[in-house]
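J.: These are the residues of each chain, in order.
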Amino acid sequence: KNQVEQSPQSLIILEGKNCTLQCNYTVSPFSNLRWYKQDTGRGPVSLTIMTFSENTKSNGRYTATLDADTKQSSLHITASQLSDSASYICVVSAVLTGGGNKLTFGTGTQLKVEL
Amino acid sequence: DAGITQSPRHKVTETGTPVTLRCHQTENHRYMYWYRQDPGHGLRLIHYSYGVKDTDKGEVSDGYSVSRSKTEDFLLTLESATSSQTSVYFCAISSGHIMNTEAFFGQGTRLTVV
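Order-wise, the sequence lines are chains A and B. Residue numbers are given in my numbering: position 43 of the first sequence equals residue 43, and the series is strictly consecutive. Offset between the second sequence (1-based) and my numbering: plus 1000.
In short, the hints are calculated from the structure, not lab data. Treat the hints with caution; some may be incorrect.
[Stated by the list, open to error] Keeping only pairs whose Cα atoms sit at most 30 Å apart, straight-line, the calculated DSS-like set for lysine-lysine is:
#1 K1057/B to K112/A
#2 K102/A to K1057/B
#3 K1070/B to K1011/B
[What the hints assert, rightly or not] Partial list, computed: chain B residues near chain A (C-beta under 10 Å):
#4 P1039
#5 Y1050
#6 G1058
#7 Y1064
#8 R1110
For glycine and all other residues, C-beta sits at the position ideal for the given N, C-alpha and C.
Work out the full structure: start from the sequences and follow the hints.
T.: Given below as C-alpha cells:
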C-alpha cells in the first residue's frame, strides 16, 4: 500500500529561526512530489512540485529537496515568519500497480512560529 | 483562491438527509475533484471529473455521487448523510490530469452530520 509519512507531526519554533520538515514515502513508481501549505480553515496551496529527476526546488524562503533513491524529501524554511504557521503537506504522485494513478497525501506537519 | 468557490462553507445536517455541496470555478479547467480531509488522514479522493458529464470514482466514493452538467460546476451529493461523513470537503481543479499538473484547492466546506 502506498504511504507518505511526515515528521515531526508538530513543531514550534521562534520567529526568524530555520526549520526542516521531513517526508518519507514508499510510493513506487514515482511521478512527482509536492509540498503544500495549508493555513487553518483554508485549502492547501502549492509550494513546490518536483519530478524524480530534480534534487532541489526553491520558492522564496521555502526549499524542497528530493532523494528518489532513499525516497525522502525535506522542506526547509528559512528565517521563519509568523505567517509560516500552518500545516505543511507532502503529496506523492504515482502510478498504481495494474494501471491507474493516484495522489497520496501525507497527514501534514503542523508548524507554529512564535515571537 | 484561483477562482474556486465552494458552497456552503459550513453545514450541519441530520443523519439520513440528502446533502449537496457545490464547487464553482471560473478558470475553465477541465478537471475537477472532490476530496475529504479527516484528522489522522491525508486528503482522500472521493470522485473526480475529466469533462462535462464525465466522472469517475476515487478511493472513498461509497455513499457519494457527483454530477457535472457544466464546465464550471461540480456537485457532490450525499444521498443519505451518515455521521461518518462528517468531514471537511475540498474541491480542487486542474487544467490537466492532477497527476502531472498543478492543482488548486477551494477553501473547503465543513460538514457536520448529527
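J.: Hint by hint, say whether it matches the structure.
T.: So, going through the hints one by one against the coordinates:
The hinted pair formed by K1057/B and K112/A fails the criterion: a straight-line CA distance of about 36 Å is larger than 30 Å. The suggested pairing of K102/A with K1057/B holds, with an alpha-carbon distance near 12 Å, which does not exceed 30 Å. The hinted pair formed by K1070/B and K1011/B meets the criterion: a straight-line CA distance of about 24 Å does not exceed 30 Å. With its C-beta approaching chain A no nearer than about 8 Å, P1039/B sits inside the 10 Å limit, and its interface hint holds.
Against a cut-off of 10 Å between C-beta atoms, the interface hint on Y1050/B is violated, since the closest Cβ of chain A lies about 13 Å away. The restraint placing G1058/B at the interface with chain A holds, with a minimum CB-CB distance near 9 Å, inside the 10 Å limit. Taken as an interface hint, Y1064/B does not check out: its beta carbon lies about 17 Å from the nearest beta carbon of chain A, beyond 10 Å. Proximity of R1110/B to chain A holds as hinted, the smallest CB-CB distance being about 9 Å (cut-off 10 Å).
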